[in-house]
Amino acid sequence: MTRLPQIALLSDGRRLHLQDGPIDLIIEARGRADAVRAAYEAAARRFTGLLDELCAELPELRAAAEARTSLKGVVARRMHAAVAPFAADGFITPMAAVAGSVAEEILGAMLGAARLDQAYVNNGGDIALHLGKGEHFSIGLVDRPDRDGVMRALRVDADDPVRGVATSGCHGRSFSLGIADAVTVLAATASQADAAATIIANAVDLPGHPAIVRTPANELQPDSDLGARPVTREVGELSRAEIATALESGAERARQLFDRGLIEGAVLQLSGDMVVVGPKDIERQGARPRQLENAVHA
Amino acid sequence: MSFYSAGASFRGRRRLTAIGTARNIVRIRMITAVSAGLHMVTETTSATDKIRCDACPVMCYIKPGAAGACDRYANHDGKLVRVDPHVILERTVEHGGKLVPFSRTEDWDGKIVHEPSTFVTAIGAGTTYPDYKPAPFIVSAEVDGVDMVTVVTEGIFSYCGIKVKIDTDRYLGPETATVRAQGEAVGHVTTSEYGSQMLSLGGVHHLTGGSKKEGRVTCDTLMDLANCKAVELTIDGGASVVVQAGQPPIVNGMKEERMRVGCGSATIGMFAKQWHGKVDEVVVVDDHITGVLSEHQAGKLLDIADTGIKMKGRRSTPGRYFQVADPGTGWGGTNISDPLSILGPFDKKEAKAGLTMLMVSTTGEHSSYYVLDEALKPVETEMPADLKFSVERIQENCEPALCTVLFMAGAGGSLRAGVTDNPVRLTRSVKDALTRVTSGGAPVYVWPGGGITYMVDVTQMPAGAFGYVPTPALVAPIEFTMKLSDYAALGGHMDYVKPLSEVQNGEDVRQLPWQNPIPGPRA
Numbered sequence: 001m002t003r004l005p006q007i008a009l010l011s012d013g014r015r016l017h018l019q020d021g022p023i024d025l026i027i028e029a030r031g032r033a034d035a036v037r038a039a040y041e042a043a044a045r046r047f048t049g050l051l052d053e054l055c056a057e058l059p060e061l062r063a064a065a066e067a068r069t070s071l072k073g074v075v076a077r078r079m080h081a082a083v084a085p086f087a088a089d090g091f092i093t094p095m096a097a098v099a100g101s102v103a104e105e106i107l108g109a110m111l112g113a114a115r116l117d118q119a120y121v122n123n124g125g126d127i128a129l130h131l132g133k134g135e136h137f138s139i140g141l142v143d144r145p146d147r148d149g150v151m152r153a154l155r156v157d158a159d160d161p162v163r164g165v166a167t168s169g170c171h172g173r174s175f176s177l178g179i180a181d182a183v184t185v186l187a188a189t190a191s192q193a194d195a196a197a198t199i200i201a202n203a204v205d206l207p208g209h210p211a212i213v214r215t216p217a218n219e220l221q222p223d224s225d226l227g228a229r230p231v232t233r234e235v236g237e238l239s240r241a242e243i244a245t246a247l248e249s250g251a252e253r254a255r256q257l258f259d260r261g262l263i264e265g266a267v268l269q270l271s272g273d274m275v276v277v278g279p280k281d282i283e284r285q286g287a288r289p290r291q292l293e294n295a296v297h298a
Numbered sequence: 001m002s003f004y005s006a007g008a009s010f011r012g013r014r015r016l017t018a019i020g021t022a023r024n025i026v027r028i029r030m031i032t033a034v035s036a037g038l039h040m041v042t043e044t045t046s047a048t049d050k051i052r053c054d055a056c057p058v059m060c061y062i063k064p065g066a067a068g069a070c071d072r073y074a075n076h077d078g079k080l081v082r083v084d085p086h087v088i089l090e091r092t093v094e095h096g097g098k099l100v101p102f103s104r105t106e107d108w109d110g111k112i113v114h115e116p117s118t119f120v121t122a123i124g125a126g127t128t129y130p131d132y133k134p135a136p137f138i139v140s141a142e143v144d145g146v147d148m149v150t151v152v153t154e155g156i157f158s159y160c161g162i163k164v165k166i167d168t169d170r171y172l173g174p175e176t177a178t179v180r181a182q183g184e185a186v187g188h189v190t191t192s193e194y195g196s197q198m199l200s201l202g203g204v205h206h207l208t209g210g211s212k213k214e215g216r217v218t219c220d221t222l223m224d225l226a227n228c229k230a231v232e233l234t235i236d237g238g239a240s241v242v243v244q245a246g247q248p249p250i251v252n253g254m255k256e257e258r259m260r261v262g263c264g265s266a267t268i269g270m271f272a273k274q275w276h277g278k279v280d281e282v283v284v285v286d287d288h289i290t291g292v293l294s295e296h297q298a299g300k301l302l303d304i305a306d307t308g309i310k311m312k313g314r315r316s317t318p319g320r321y322f323q324v325a326d327p328g329t330g331w332g333g334t335n336i337s338d339p340l341s342i343l344g345p346f347d348k349k350e351a352k353a354g355l356t357m358l359m360v361s362t363t364g365e366h367s368s369y370y371v372l373d374e375a376l377k378p379v380e381t382e383m384p385a386d387l388k389f390s391v392e393r394i395q396e397n398c399e400p401a402l403c404t405v406l407f408m409a410g411a412g413g414s415l416r417a418g419v420t421d422n423p424v425r426l427t428r429s430v431k432d433a434l435t436r437v438t439s440g441g442a443p444v445y446v447w448p449g450g451g452i453t454y455m456v457d458v459t460q461m462p463a464g465a466f467g468y469v470p471t472p473a474l475v476a477p478i479e480f481t482m483k484l485s486d487y488a489a490l491g492g493h494m495d496y497v498k499p500l501s502e503v504q505n506g507e508d509v510r511q512l513p514w515q516n517p518i519p520g521p522r523a
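Chains as they are written, first to last, in this note's numbering: chain A, 1 to 298; chain B, 1 to 523.
Keep in mind that the hints were calculated from the coordinates and are not lab data. Values in this document were obtained by computation on a predicted structure and should not be read as measured data. Just so you know, nobody snuck in bad clues.
Partner residues are not named here, just some residues of chain B that face chain A (Cβ under 10 Å, in silico): (1) 50; (2) 57; (3) 61; (4) 62; (5) 66; (6) 68.
Restraint-style ranges between C-beta atoms, simulated for each label pair: (7) B:57 x A:155: 36 to 44 Å; (8) B:57 x A:91: 20 to 28 Å; (9) A:64 x B:64: 23 to 31 Å; (10) A:111 x B:194: 48 to 56 Å; (11) A:155 x B:232: 39 to 47 Å.
For each residue, glycine too, the CB sits at the ideal point set by N, CA and C.
If we strip away everything but chain A, and leave its shape as in the complex, we get:
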């Protein structure tokens, strides 16, 4: 029997849930009822077989990206394009942008099928956004998923260049070389945000620190694209100064990417501290006590 993705509306009747293998999408579109329906159907249609497309090129997707690529699939090529700006700086594979690239692809299919006021495709935290004129999204950052409340809310307006949000960290499903709890990146596209979040999260690090437990990736997942590179398994007690150092290391990387025009902003979190890189309007949002940020910046 042909393997088919799981396609269902969530119980709220508004959001669409698509799942196939490791890909898990939560989608919401707003607009006319028929447009939303057409968009959801387009999403489901595009999603069907998408994983197979990716798997057909999995060996190359798991290999270190180079400037040129022989990848064929549109999503695979998008993944490559998203990581290519970082290829010269060190090891990165197109897999670093898989989630955002898939989200972008599905959103693209939806927008190709219908005119929507706004829409998002959330692929496990890597989110592609669509904003019609005058629309905006509020994006909540949560530091303790087990508790209620949003630590910080980002507002993305239609006028902003941001259409992608991605979060990377050492607690996620994918491995991180760094120690960040979470690095949330705003970028022009979801695939760019995904790749950049991976890069910045890897940079939030304290190399050689004894409290950090690392394990070769392929000991955890035999076919990991990271091979034998040590991925973070556990972060022990860190001093405030160490936390600040690690965050600053990531923030410096984030600023480089911001200056290169690769991201629109980033929020880096580690052990309860946070640093924000990007335009002022991102910083102004949210309700976190200011002194904490100041402490980090100091």
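Given the coordinates of chain A, assemble chain B onto it according to the supplied hints.
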């Protein structure tokens, strides 16, 4: 998909049709969840005790105690197990959802559909595709003490199309020529009928056999035509025509007023007596058969004298000519604008100066009156009043030209399975006239032979009756009405039968007056 519709009819006396958006009235399928613990999927062993998961094409190698990239499948003591059901189960229960046993043999087909077991509610909406589940709407009503049941479902028809009858003699294009909408092939010109050009549009070939765009445009075209909207079609090597069910066709920008009264020869036969004594010669210009009064049998019977007229074209029988010109949108469906162009020089032996001649098209739309001069050349002259009257009589006898749109589709095995456990019994029941088929409450013609292939006049159906799915395929309402006892006998889903009162109290119900179920054009 904009609207769903469904209807129910009860012994032809009452009719209930409801239209509503699906989202308001259906419960949505929940995430499939397993109801009891871990569910073993597959088992693979390997020398190094890591296993390879074959649940998806990523084909992860998973070490003991670890999960694959999806976090859904894990290696539990060397066995691949599915680990997410608990979570989903919880979430499902939390949201008041219904649990569906997890089963590998019941894979989802990739369509967003609604869980039928929870949405047998008020009206209409939703289709069951694939249709192995009960049709969304089964209603029973007691009429004059007899329990009637109507199974309302929306068929998803890939095998469907539209037959368009365009009342015009104007040349639309050669037979089998491709008919296009927005540049995409959506059908072809088929054999013409009396006074009408016929188009056959849609069908599985154009819907799913060509490019994506072709399928989409075909689907849009069928849906618009079926929903009585105007659609512009162009015919390869022919005309462009605007077609709208129940409206006159517009051919190359010209609105067609009326059907021809008959072919040229028939027109001669019908009006010969009225012309007798008022004019020496009449030519009825027609792309099919051009009639000539003096040579025609009708003229001979009236002892009308020869006039020495020489027709171009191929003589069929006396006074009847084929192919006097090429087909077109001019006189009588030919390409001519000057009727004299189909005449040769008059025979000097027979013709004489002062001879009068009427040339008229089969609709009376074009007409000219001529008198032969000394050189036996026809000279157009003011038409006498009594001949004008005969032309008007031809016009009067031409019926208004209309476009007729019949939707044609076949209810496949799966759709029938939504009605009964034993689909063929439904077919037999329809053939035996125990079950009445309607589409949006409108009467249908069911083709003899296998399956339930039916045609319906779209103008008899409620507005917005048709929808589509991106397969692409059309969604059309179809109802099967029968006695409750017959329904039980043919293996109907009796558990899903709802009383009419429950349906009528629904929110998205629109009552429409019952229309005369006799097929035919509506005013």
